[in-house]
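Enquirer: Sequence lines, in order, name chains A and W. When the letters of the first sequence are read in order and numbered with my numbering, they come out as residues 1 to 247. When the letters of the second sequence are read in order and numbered with my numbering, they come out as residues 1 to 229.
For the record, the hints were derived by calculation from the structure and aren't laboratory data. As the structure is a computational prediction, the values presented were derived from the model and not from experiment. All residues carry an ideal CB built from backbone N, CA and C; glycine is no exception. Each hint can be trusted.
Chain W is faced by these chain A residues, among others (derived, beta-carbon under 10 Å):
(1) Q127
(2) R135
(3) G176
Computed, partial: chain W to chain A, Cβ under 8 Å:
(4) L68
(5) G71
(6) N73
(7) T87
(8) F90
(9) V189
(10) R191
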Amino acid sequence: MRRTFLLPGLALAVLMTVSAPAAEISAAVAANFTKPAEELGKAFTARTGDTVAFSFGATGQLYTQLSQGAPFEVFLAADDKRPALAVQEGFGVAGTVFTYAVGKVVLYSPTIDVTDGAAVLKANAFQHLAVADPRTAPYGAAGMQVLDRLGLTETVAARIVTGENISQALQFIESGNAELGFVALSQVVDKPATQVWRVPAEDYAPIRQDAVLTTAGAGDPAAKAFLQFLQGDEGRAIIEKYGYEVR
Amino acid sequence: MPSVTEIAQPVGLTLTLALIVTAILLFVATPIAWWLTRSQSAWKAPVAAVVSLPLVLPPTVLGFYLLLAFGPNGPGGLIAPLWGARTLAFSFEGLVIASVLYSLPFMTQPLRTAFEAIGDEPLEAAATLGAGRRSTFFRLVIPLARSGYLTGAILTFAHTVGEFGVVLMIGGNIPGKTKLVSMAIYDFVERLEWDKAHLLAGGMVLFAFVVITTVMLIDRRVGRIAGVN
Numbered sequence: 001m002r003r004t005f006l007l008p009g010l011a012l013a014v015l016m017t018v019s020a021p022a023a024e025i026s027a028a029v030a031a032n033f034t035k036p037a038e039e040l041g042k043a044f045t046a047r048t049g050d051t052v053a054f055s056f057g058a059t060g061q062l063y064t065q066l067s068q069g070a071p072f073e074v075f076l077a078a079d080d081k082r083p084a085l086a087v088q089e090g091f092g093v094a095g096t097v098f099t100y101a102v103g104k105v106v107l108y109s110p111t112i113d114v115t116d117g118a119a120v121l122k123a124n125a126f127q128h129l130a131v132a133d134p135r136t137a138p139y140g141a142a143g144m145q146v147l148d149r150l151g152l153t154e155t156v157a158a159r160i161v162t163g164e165n166i167s168q169a170l171q172f173i174e175s176g177n178a179e180l181g182f183v184a185l186s187q188v189v190d191k192p193a194t195q196v197w198r199v200p201a202e203d204y205a206p207i208r209q210d211a212v213l214t215t216a217g218a219g220d221p222a223a224k225a226f227l228q229f230l231q232g233d234e235g236r237a238i239i240e241k242y243g244y245e246v247r
Numbered sequence: 001m002p003s004v005t006e007i008a009q010p011v012g013l014t015l016t017l018a019l020i021v022t023a024i025l026l027f028v029a030t031p032i033a034w035w036l037t038r039s040q041s042a043w044k045a046p047v048a049a050v051v052s053l054p055l056v057l058p059p060t061v062l063g064f065y066l067l068l069a070f071g072p073n074g075p076g077g078l079i080a081p082l083w084g085a086r087t088l089a090f091s092f093e094g095l096v097i098a099s100v101l102y103s104l105p106f107m108t109q110p111l112r113t114a115f116e117a118i119g120d121e122p123l124e125a126a127a128t129l130g131a132g133r134r135s136t137f138f139r140l141v142i143p144l145a146r147s148g149y150l151t152g153a154i155l156t157f158a159h160t161v162g163e164f165g166v167v168l169m170i171g172g173n174i175p176g177k178t179k180l181v182s183m184a185i186y187d188f189v190e191r192l193e194w195d196k197a198h199l200l201a202g203g204m205v206l207f208a209f210v211v212i213t214t215v216m217l218i219d220r221r222v223g224r225i226a227g228v229n
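So that you can see chain W by itself, here it is in the shape it has in the complex (with noise of 0.2 Å):
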């Protein structure tokens, strides 16, 4: 029989990163995705390349670094000290900053998206009446750009939720602080415990199922109102 606890902990641990990663994603993502939209910096298309970048590469190259820049002879053993750890792995922070880079661009596209599809015509004409940089952005841009908001945090919550190399990589799958419901399922397969695994994974399909039909409804709705347009 599956206790409570093998199941709850690791949906609730996977619940709880993915909430921090959009929220943190949410502030982050909007001026790459602002910047990405208005500027025209060479720089440009490099740097949208590098956020695009987990799309392409596999987990493991981005657990492979993440596991020696958290360790004692990088990045991770100059700030980890900050709070007493060796390391940033093995520790949910470390998997909350490995989550953000991975699902960056999972958050950025859409915005991006979003951004480019209100046009010059809105800012010109919020210019022309006098409102400053700031409150058109906030007054103007976001809620135009709040379908690309919605998809965008719907995208990196379930991209967060199903994310498995770079946790197998990274997380040395612990109990109550990295052990997130992907390794959960592998070691219940692994174990031979099926009916667990089951649980879980079709919890997951489920899941999935929800999000992306969520996703496409945004999608046609806002197209719709678009049309209409």
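Just chain A, same shape as in the assembly (with noise of 0.2 Å):
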């Protein structure tokens, strides 16, 4: 029974020692972020020295650990619901919230040509149609605004995936197993344009992304200048370039 409970504690002693030198922030990031955010850490450590290390996952299951004591510093959601609430809950700092991006929706399928999506969407050909779960992931959500918009949710109800987030659902479709989905054009920025419908502004409510300083990061001076590094200019050039608005 003894053994049982040494190897935990050596791996605990193990991983106490190697985190302690040198600032690392720990981030918490909505998966729709995950390659701008590993391209602004890197650029972060390479300015400050102080590295950042990402958890990513669906806004809402974030926040849920978030709310159950996870040690994350700064959060950055995928939505400007969220940061609000970790403010009034008590677990984000207030007057730190920010919007860092303004996320587009777009329809992706590496087979079909999606020039035109709207028509792809309507003609109907196709099994699977892969959504991030639209009650915890805001690109899911906007997905689901934009099929109720061409008035199409009853119609393919019953072909909807649910990715558990934005980046399951990704996968999905780029295993094969569903022809097409919603996504996050930042995901998607790099393909061809026949292989990607940018879904018009005024079809979906604006997915603006907030950040916020969690209570746990208050006092690290390095989580706080995290977010201002996101807020600066080369910040904001490498949020823009992965499709991204910046405010």
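Got two chains here, each in a separate frame; can you build the complex from them with the hints?
Expert: Here it is in structure tokens:
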């Protein structure tokens, strides 16, 4: 019995000695922002020497973890609801919420020409449409709004497969199991134009992605510096490069 | 307030899946376990290892390979068109196939243990009395291995009910088709609908307790009978 406790104890001791030196910021980041976040992290490290450890997931899932004491110091959500809620519930620091990116939802298919995405959706000649869970992932909700605008909610309902987050929605498409799906422009920004339909902005509510400093990060100057870096010229340029709008 | 379908649908679907998988594995695992017990082949160890792989591998490994195998570029893309689909993923049938693979060791191991416990003597006696291999198997081996079948069936059923990682990766979370209890709990927790999560999660705790207690009681009873003999 004693031996079974020894191993986790040892692992913990090793972990503690490893994570001690240099500032490492722990950041919870919405899955759609994976690529830019990694580049931002590298650029930030190059400039300051501090590193950022990212936890990617669905905004709802990350918020749940945060509310249960997850040690994230900054939270980059895919919406503007959860950061505000975090402040309201006492997990976020008041006055630190800002919009770091405005996201765009696209219809993506590696096999179907989606230059006119609305027509492809209306033709209904596909078996599976991948969408991130609309109740936890804002890009999933945006995708459902687009279907609603096109009057297709009911006709395609049975063909929707739900990814746990926007990354899984993309993975369903890339593995060929779903022919097409709604993802974030940032995920497919380097694909040919025929594979990506940029949904007109008036078809869905703008996806304002807000960031917030959490109470766990309130005393960490490196965490604050990272949030400032996102708002600076270098950070904004990286964010724009991945197909987001910055304000 | 939790609606009835939100709770009942995943529960019904999960029980159906577990029943089907258990039934299939009773047939699939029997010859495998028997071969592993009786064979002298050099392939015995590697085959036993392959059967046991799901015990060791993270479900994400199986989920990843199945996602590729089920899709239009894998074998799934050859089979699925038979009924007009283009992938085995996102379907109940796909979950059945995945669960059969994933739960294979949970049926095979108890059967193998039970077959090994029979030993050579009863088989030799049956042969001396002129029984054919087939009737020996059905009239002697299977009845003697019934506790193995019971344990295997219970473990397989329970393990299928408790499946999560593979379902998450290949299911697509479709209500009434691939949304199992474990997925429903995950969703409820994510959406902060914890009253519903409690309902299902509490039920699972109770279910697991009953299953484990039952298996332990069966094992003990079997042990006692063996001791008397």
